[in-house]
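Q: If you're matching them up, the sequences are chains G and P in order. Its first residue numbered 1, the first sequence is counted upward by one per residue in our numbering. Its first residue numbered 1001, the second sequence is counted upward by one per residue in our numbering.
Don't read these hints as lab results, they were simulated from the structure. From a predicted model like this one, the values you see are computed outputs, not experimental measurements. All C-beta atoms, glycine included, are put in the ideal place defined by N, C-alpha and C. Treat each hint with caution, since some may be false.
Said to hold, decoys possible - With the C-beta cut set under 8 Å, the calculated list includes, among others, these residues of chain G facing chain P:
(1) A61
(2) F136
(3) L164
(4) L175
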Amino acid sequence: MATVKQVEPRPAARGGAAGTNLPREARRAHRRRRLGSTGRHAALAFATLVFVVPFYYVILASVKNSNQIFSYPPKLLPFPVYLGNFKELLGQTQFLRWMLNTLIVAGSVAAIKVLIDSMAGYALAKLQITGKRIIFILMLILLMVPLSALIVPLWSLIRMLGLLDTYWALILPALANPLGVFLMRQFILGLPSDLMNAARLDGMSEFSIYWRIVLPLIKPGLVVLAVIIFTDQYVSFIWPLIATTSNNMELLTVGVANLHARGGVNFGLWSASAVMSLVPIAIVFFALQRQFMSRSLTGALKQ
Amino acid sequence: MFFFFVLFLLVPVVGTFWWSTRSGGLLGATTSVGLKNYTTFPQQVDALTAVKNTLDFALLSVPLTLVLGVLLALLMVKVGRGGGVYRFLIYFPTLVPGIVAGLIWLFLTNPDFGLFNNILHAVGAKPVVWLGSNSALRTLAAVDVWRNAGYWAIFFVAALIGLPQELYQAAALDGAGPLARFWHLTLPMLRRILLFALVVSTIFGLQVFDTALIMTAGGPGYATTTIVYRVWQYVFAYPDEIGLAAAMSSLLVAAILVLTLVQLRALRSRRGLD
Chain G
1 MATVKQVEPR
11 PAARGGAAGT
21 NLPREARRAH
31 RRRRLGSTGR
41 HAALAFATLV
51 FVVPFYYVIL
61 ASVKNSNQIF
71 SYPPKLLPFP
81 VYLGNFKELL
91 GQTQFLRWML
101 NTLIVAGSVA
111 AIKVLIDSMA
121 GYALAKLQIT
131 GKRIIFILML
141 ILLMVPLSAL
151 IVPLWSLIRM
161 LGLLDTYWAL
171 ILPALANPLG
181 VFLMRQFILG
191 LPSDLMNAAR
201 LDGMSEFSIY
211 WRIVLPLIKP
221 GLVVLAVIIF
231 TDQYVSFIWP
241 LIATTSNNME
251 LLTVGVANLH
261 ARGGVNFGLW
271 SASAVMSLVP
281 IAIVFFALQR
291 QFMSRSLTGA
301 LKQ
Chain P
1001 MFFFFVLFLL
1011 VPVVGTFWWS
1021 TRSGGLLGAT
1031 TSVGLKNYTT
1041 FPQQVDALTA
1051 VKNTLDFALL
1061 SVPLTLVLGV
1071 LLALLMVKVG
1081 RGGGVYRFLI
1091 YFPTLVPGIV
1101 AGLIWLFLTN
1111 PDFGLFNNIL
1121 HAVGAKPVVW
1131 LGSNSALRTL
1141 AAVDVWRNAG
1151 YWAIFFVAAL
1161 IGLPQELYQA
1171 AALDGAGPLA
1181 RFWHLTLPML
1191 RRILLFALVV
1201 STIFGLQVFD
1211 TALIMTAGGP
1221 GYATTTIVYR
1231 VWQYVFAYPD
1241 EIGLAAAMSS
1251 LLVAAILVLT
1261 LVQLRALRSR
1271 RGLD
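From just these sequences and the hints, can you work out the full model?
A: The following block contains the structure:
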C-alpha cells in the first residue's frame, strides 16, 4: 500500500474523510494513468502510421509493373517483386550521376562550411575586431533570406564569374548562409576565455588556438552543423535547377524533376526514382539520429 | 566566411532591389525604369494571383503544421518506451526533398489508382479530384504539413521538457485538469517558442515552389502558381520581365526581413524582462 501512496499522493492532500477511501481512489487513478498511457501509445502509433503510409505506398508502386500499378483493388503486399523500374532508372537514366553530384556538392558544402563557420564563430565570440557588432547585426537580419528570393542577381553574378553549370555554381552561394556562424558562436561563447588567454600567454598564434583548442572542444557542435548543412543541400532545388544546364551536372532533385517533366508518363520509373532518392539520406539519418533531431533544436539554441 | 556572406548574400539582396528598378531581359541590355515595376504591379493580374496563392497557402499550411506539431509533441513527451521509433518515423518526412515529396503525393492523389481514392472507393464514397483548380492548393498545403509537422514536433518536445515540473504538480494539487493545465500553463509558457515557430514556418511557407512545380506545374490554370514559381517563370520563360521578377523577389525579401525583425524584437523584449 505504501507504494500505491507514493504513486498517487493527491487524495491524501485533500485530507478529511478522503483518508478512508484512499486505496480505492489511488488504485483508480493509477489505472486511469495506465489507460492514458495506452491511449497515448495508440494515438502516436496511428499518427506515425499516417506519416509512414505515403512511403509504403510509393515503395509498393515501385515494385509493380505498369499494369499492376493501375489495377484495382491494389495489391497491398510487395510480392512478387518486379525490379524493372529500378533497372530502367539505374540503367537508362543518369540517376547515379545525379546522386553522385548531390553527394559531392552537399559533402563539400558541409565540409567547407563547418570550417569557415567555426572560424567566423570563434572570431565573433572571442576576438576583438572592429566592426564586429555591425557584421553580427547584418548577419542576424539576413539570416532568413533564402536563395530562392535572390535568383535574379545571383544568376547574373554567377554568370559574370563564368561559373554557370559547374560544381562551383552550386557550392559557393550555399556558403553564404549565416546560420552556422551563430551556432558556432553560441558554442564557443560557452568555452572559458581563460583557456585561450593562457594559450596566448604561452605564445600560441590565434590560428593554432582555434585549431588545437577550440575545434576539439566543439566537436559535437561541428557534427550537428554538418548534418544541418548536408540536409539543407540534399533537399535544395531551385538554385540547382537554374544554375545547371547540362544533364550530367544536375543534382538529384533536379534530375528527378526533369525525369518527371520530360520523359512522358511513367509511374513505375517515377516511383523508383522517389524511393532511390531517399536511400542515402535515410542511411545517414539512421546513423546520426541524435544529431538530426538537434536540427530542430537549433532554433531554440539561437535564442 | 564574411567574404562569402557579403558576396553571395548581402550583394544579391541589394542586387534584387537594384534589378527591380530595371526592365529588359536576363541576357540583353537593361534600362532603368525607376519604380515603374512597383507602380504597375497592381495591374499585373498574374503577379497578384501568385501573391494571393502564396498567402492562401501559408495561411493554410502554417497553422495546421504548428497545431499538429504541438499535438504530436504533447503525445511524444509523455511516451517513454518506444518513443524513439515514433520520433524517427515522424521526423523522417522532414528530410524528404520537396520534389520527392511531391512525387510521392502524386501516387496518393492520383484520381485512378491513388491511395486516397482507393480508400474512398473501399468505403463506398465518390472519388475526389485532389489536384483540381479548387483543391490543388489545399493538397499542396497538406504535403507541406506532412513534411514539416515532425520537425516542429521535435522542436516542441525539447521546449516541453524544459518547462518547470513543479508548476504542473502545484496545478494538479489545485485540481486543474489536463486541459486547464495545457491552456493556462503550457501555452503561456511556450508563447515565445510558438512565436518563433510561427515566424520561421511562415518564412518557409512563403517560399513554396518545389511541390507546386512537380505536382501541378502551377496549375490547373494558375491555381497553384506561387511567388517563387512566378519569379522563376518571369526570369526564364519571358524575354523581358526581369525587372518584374526582381520586384516580386524584393517583395518576398521585404516580407522575410519584416518577419525577421518582428522575431528579433520579440527576443529583445524578453531579454529586457529577464
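Q: Indicate, hint by hint, whether the structure satisfies it.
A: Evaluation of the provided hints:
For G:A61, the suggested interface contact is upheld, since its CB lies about 5 Å from the closest CB of chain P, less than 8 Å. Using the Cβ-Cβ criterion of 8 Å, the hint placing G:F136 at the interface with chain P is not satisfied: the shortest such distance is roughly 11 Å. Hint status for G:L164: violated, given a least beta-carbon distance of 12 Å to chain P, over 8 Å. Against a cut-off of 8 Å between C-beta atoms, the interface hint on G:L175 holds, since the closest Cβ of chain P lies about 4 Å away.
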